[in-house]
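J.: In the order they appear, the protein sequences are chains A and B.
First residue of the first sequence: 1, per this note's numbering; consecutive thereafter.
First residue of the second sequence: 1001, per this note's numbering; consecutive thereafter.
No lab work stands behind these hints: they were computed from the structure.
Just so you know, even glycine gets a beta-carbon here, dropped at the ideal spot from N, CA and C.
A hint or two may mislead.
[As the list claims (entries may be wrong)] Straight line, CA to CA, 25 Å or less: simulated SDA-like cross-link-like pairs of lysine to any residue:
id	chain 1	residue 1	chain 2	residue 2
1	A	Lys43	B	Ser1058
2	B	Lys1044	B	Thr1096
3	B	Lys1055	A	Asn101
4	B	Lys1044	B	Glu1083
5	A	Lys65	B	Ser1027
[What the hints assert, rightly or not] Example chain B residues on the side facing chain A (calculated, C-beta under 10 Å, incomplete):
id	residue
6	Val1035
7	Pro1046
8	Phe1064
9	Asp1087
10	Cys1091
11	Trp1099
12	Gly1104
[Claimed, not checked] Residues from chain A that face chain B, not an exhaustive set, calculated with beta carbons under 7 Å:
id	residue
13	Glu1
14	Val12
15	Gly15
16	Thr56
17	Ser59
18	Asp62
19	Gly105
20	Ser115
21	Leu124
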Amino acid sequence: EVQLVESGGGLVQPGGSLRLSCAASGFTFSSDWMHWVRQAAGKGLVWVSRINSDGTSTSYADSVKGRFTISRDNTKNTLYLQMNSLRAEDTAVYYCASAGNCSGGSCYSGVSLASPDSWGQGTLVTVHS
Amino acid sequence: QSALTQPASVSGSPGQSITISCTGTSSDVGSYNLVSWYQQLPGKAPKLLLYEVTKRPSGISNRFSGSKSGNTASLTISGLQAEDESDYYCCSYAGTNTWVFGGGTELTVL
């Protein structure tokens, strides 16, 4: 069974930093592409970032580009999100989610274009002074 | 990276069918057959219902079906049940390795 467990959320002041972790189990983490998605209270889902299976390719939403960094350690089956220069509008529950390996109709020339499939339960980040 | 447009709410009676629309642009929904749908119960993580417009993951009821025409994708739930009452989100690949979600639709089963 796929299990994703986020941690590292908490209260941080504007301009501060936080690193989120996502521990993965129940699947071959090193083969899967991974996403971070966030959701402010009472609001919709917003895609944040994606990383390929070996960590060499990343992408970001414009709203976090230059401030957030996604990374992974396949030896520890763990996904990370380093968040710097945090703003009040970054306050949200942050979910990590797997997107499978690059296969089927969502795989184009070795690049997975798959949206998230399995999700963790999320970790709350609050940016407030 | 503007959010896809979904109706804020829809409703239906048990046994009926409902359809939730998801309207994007020619840069996202209209360009790729990479639309997914999620169900999110209150306080829970989203659950994948459909991917690549029409495909259902293992374990998802065939009461959930998807389609796409032009820049609009749709989720249809047939034989509506009380447990279908939830929030529903669409998501589309939006090019240059980015994704965009819809604003979400609250489904009420009357």
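J.: If a hint holds in the structure, say so; if it doesn't, say that too.
T.: Taking the hints in turn, this is what the structure says about them:
{"no.": "1", "hint": "Lys43/A to Ser1058/B", "verdict": "violated (28 Å)"}
{"no.": "2", "hint": "Lys1044/B to Thr1096/B", "verdict": "violated (30 Å)"}
{"no.": "3", "hint": "Lys1055/B to Asn101/A", "verdict": "holds (17 Å)"}
{"no.": "4", "hint": "Lys1044/B to Glu1083/B", "verdict": "holds (14 Å)"}
{"no.": "5", "hint": "Lys65/A to Ser1027/B", "verdict": "holds (20 Å)"}
{"no.": "6", "hint": "Val1035", "verdict": "holds (8 Å)"}
{"no.": "7", "hint": "Pro1046", "verdict": "holds (5 Å)"}
{"no.": "8", "hint": "Phe1064", "verdict": "violated (15 Å)"}
{"no.": "9", "hint": "Asp1087", "verdict": "holds (8 Å)"}
{"no.": "10", "hint": "Cys1091", "verdict": "holds (5 Å)"}
{"no.": "11", "hint": "Trp1099", "verdict": "holds (4 Å)"}
{"no.": "12", "hint": "Gly1104", "verdict": "holds (4 Å)"}
{"no.": "13", "hint": "Glu1", "verdict": "violated (12 Å)"}
{"no.": "14", "hint": "Val12", "verdict": "violated (23 Å)"}
{"no.": "15", "hint": "Gly15", "verdict": "violated (24 Å)"}
{"no.": "16", "hint": "Thr56", "verdict": "violated (13 Å)"}
{"no.": "17", "hint": "Ser59", "verdict": "holds (4 Å)"}
{"no.": "18", "hint": "Asp62", "verdict": "holds (6 Å)"}
{"no.": "19", "hint": "Gly105", "verdict": "holds (5 Å)"}
{"no.": "20", "hint": "Ser115", "verdict": "holds (4 Å)"}
{"no.": "21", "hint": "Leu124", "verdict": "violated (12 Å)"}
Figure legend: structure checked against the earlier numbered hints; hints not met, in rising order: 1, 2, 8, 13, 14, 15, 16, 21.
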